[in-house]
Every structure is written in structure tokens, then in C-alpha cells.
Amino acid sequence: DAGITQSPRHKVTETGTPVTLRCHQTENHRYMYWYRQDPGHGLRLIHYSYGVKDTDKGEVSDGYSVSRSKTEDFLLTLESATSSQTSVYFCAISGQGTETQYFGPGTRLLVL
Amino acid sequence: DQQVKQNSPSLSVQEGRISILNCDYTNSMFDYFLWYKKYPAEGPTFLISISSIKDKNEDGRFTVFLNKSAKHLSLHIVPSQPGDSAVYFCAASEGSQGNLIFGKGTKLSVKP
Numbered sequence: 456d457a458g459i460t461q462s463p464r465h466k467v468t469e470t471g472t473p474v475t476l477r478c479h480q481t482e483n484h485r486y487m488y489w490y491r492q493d494p495g496h497g498l499r500l501i502h503y504s505y506g507v508k509d510t511d512k513g514e515v516s517d518g519y520s521v522s523r524s525k526t527e528d529f530l531l532t533l534e535s536a537t538s539s540q541t542s543v544y545f546c547a548i549s550g551q552g553t554e555t556q557y558f559g560p561g562t563r564l565l566v567l
Numbered sequence: 002d003q004q005v006k007q008n009s010p011s012l013s014v015q016e017g018r019i020s021i022l023n024c025d026y027t028n029s030m031f032d033y034f035l036w037y038k039k040y041p042a043e044g045p046t047f048l049i050s051i052s053s054i055k056d057k058n059e060d061g062r063f064t065v066f067l068n069k070s071a072k073h074l075s076l077h078i079v080p081s082q083p084g085d086s087a088v089y090f091c092a093a094s095e096g097s098q099g100n101l102i103f104g105k106g107t108k109l110s111v112k113p
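Protein sequences, first through last, are from chains A and B. Each number in this note's numbering comes from the position in the first sequence (counting from 1) with 455 added on. Each number in this note's numbering comes from the position in the second sequence (counting from 1) with 1 added on.
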């Protein structure tokens with residue numbers, strides 16, 4: 456298995472509070488991604504990173520921001536959580552020039 | 002508009018028989034296709050992929066077929082085993098480092 460961990464694995468928070476999810480990899484892969492999975496929608500890309508301090512928006516980026524200050528860490532922040540952001544969040548990584556992405560175990564977020 | 006479609010939300014198959022999961026896409030620029038398997042409470046795991054220069058790729062019990070003219074791919078699992086019961090996602094990308102676009106998934110149940 457690719458060395459990807461996500462923290463926390465579960466979180467319950469209240470509407471309006473900030474939340475930060477962390478993805479950590481030990482593979483030294485250049486590319487990192489954040490997805491959310493919701494019933495009836497499959498996996499949708501939120502943001503991705505193609506290097507330290509290099510990030511770009513995905514399909515559903517509104518309400519989310521990301522940061523990557525080190526190769527191994529990619530943070531996803533919900534500045535002010537809303538109930539529509541209740542979801543399961545997956546981090547993924549991929550190496551240079553390869554389409555195959557490897558996923559972390561996921562973070563289940565509930566916004567009350 | 003969905004670029005990658007998995008029109009069957011679920012599929013039930015008897016152990017030992019063939020499972021066929023289907024995926025259609027609309028973007029003719031997609032040139033790399035992947036299948037992922039996902040168990041509950043786990044991240045998706047990479048299963049098999051195919052480049053648009055091929056029409057078939059095989060890995061053990063798993064074979065992916067690509068029909069570019071029909072913009073259709075399928076995953077065949079032979080013989081199916083109860084441990085194959087999972088949600089299967091089809092994904093596609095454009096270019097060597099294009100972002101993956103996922104279908105909504107098909108839940109496969111293999112009955113003993």
C-alpha cells in the first residue's frame with residue numbers, strides 16, 4: 456500500500472467553525488489531491504497540488520482552501536464549515552508522469 | 002454534464018460466474034482509463050488501467066476492454082468471488098498528468 460495517512464479519520468463539528476484535514480505521504484510523490492465522496496456523485500476533485508506551494512482548483516473548490524508547504528503534507532481547510540460539506544474526504548497521490556492515483560483511507564466529516 | 006457514466010448503480014452475480022461492469026465516456030480526448038475498487042470505510046484501491054492505444058488489458062481475473070469508437074469500456078471479472086463485492090469506480094484522464102474524472106460507481110455483490 457502507498458504510504459498515505461489522513462488525519463483525523465473522523466470529525467464532528469458545528470456550522471461556521473473552521474476545519475483542517477491533513478494528508479501525509481511517505482512516497483515523495485509530486486502530485487497530491489483532495490476529493491470528496493457523496494452518495495450519487497462518486498468522487499469529485501476539490502483541489503490538487505503539483506508541487507510545494509503549487510496548487511490549483513478542482514471541480515468543487517468553493518468553500519475550500521489548500522496549502523502545501525512540504526512535499527509530504529497537503530492540508531485541506533474549510534474556513535467556515537457548512538452542512539453541505541458533510542462528506543467523506545479522500546486524499547490521493549501520484550508520481551511524475553503517471554495517471555494512476557493512490558488513495559488514503561479517508562476522513563469522515565459531519566457538520567452539524 | 003457527466004463525462005464519465007456508470008449507468009448501473011448495482012450488479013448482483015453468482016460466485017464463479019462472470020461480472021461485467023460498464024462505463025461510458027463523452028470526452029474523446031480521454032486517453033487513459035482506470036478502474037478502482039472500494040470497500041466500505043476504506044479508500045479506493047487501484048485495480049487495473051488501460052491506455053487508449055490498446056483495446057484490452059488483462060491482470061489475473063480482471064480484464065478491461067476499451068472500445069474507442071463507442072466511447073465505452075468494461076471490466077470483466079472471471080471467476081467472480083465473494084471478496085470482489087465492493088463499489089467499482091471507472092475513471093478517465095486526458096494527457097499524461099490530466100486530472101481523473103470519476104463515474105458514480107457500481108456496487109457489485111457476489112453471492113456465494
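Possibly wrong hints are sitting among the right ones.
To be verified - Mimicking DSS-like on lysine-lysine, the simulated pairs with C-alpha atoms at most 27 Å apart in a straight line are:
hint : chain 1 : residue 1 : chain 2 : residue 2
1    : B       : 72        : A       : 466
2    : A       : 512       : B       : 38
3    : A       : 525       : A       : 512
4    : A       : 466       : B       : 69
5    : B       : 6         : B       : 108
6    : B       : 72        : B       : 105
7    : B       : 55        : B       : 112
8    : B       : 69        : B       : 55
9    : B       : 72        : B       : 6
10   : A       : 466       : B       : 105
11   : B       : 55        : A       : 512
Derived by calculation from the structure, the hints in this document are not laboratory data. Predicted model, so just to flag it, every value in this text is computed and none were measured.
A quick look at each hint next to the structure:
For the proposed pair residue 72 of chain B and residue 466 of chain A, the alpha carbon gap of about 40 Å is over 27 Å, so the pair is violated. Taking the CA atoms of residue 512 of chain A and residue 38 of chain B, the gap is about 25 Å. The hint holds against a cut of 27 Å. Annotation: proposed proximity of residue 525 of chain A to residue 512 of chain A holds, straight-line Cα distance about 19 Å (limit 27 Å). With a CA separation close to 43 Å, the supplied pair residue 466 of chain A and residue 69 of chain B exceeds the 27 Å bound.
Taking the CA atoms of residue 6 of chain B and residue 108 of chain B, the gap is about 14 Å. The hint holds against a cut of 27 Å. Among the hinted pairs, residue 72 of chain B with residue 105 of chain B is consistent with the structure: their alpha-carbon atoms are about 17 Å apart, no more than 27 Å. Only pairs whose Cα atoms come within 27 Å are accepted, and residue 55 of chain B paired with residue 112 of chain B is rejected, the gap being roughly 32 Å. Pair hint residue 69 of chain B plus residue 55 of chain B holds up; C-alpha atoms about 9 Å apart against a cutoff of 27 Å.
Only pairs whose Cα atoms come within 27 Å are accepted, and residue 72 of chain B paired with residue 6 of chain B is accepted, the gap being roughly 11 Å. The suggested pairing of residue 466 of chain A with residue 105 of chain B holds, with an alpha-carbon distance near 25 Å, which does not exceed 27 Å. Note on residue 55 of chain B and residue 512 of chain A: the hinted pairing is violated, with a Cα-Cα distance of about 31 Å set against a maximum of 27 Å.
In the structure shown, a violation is registered for the earlier hints numbered 1, 4, 7, 11, in ascending order.
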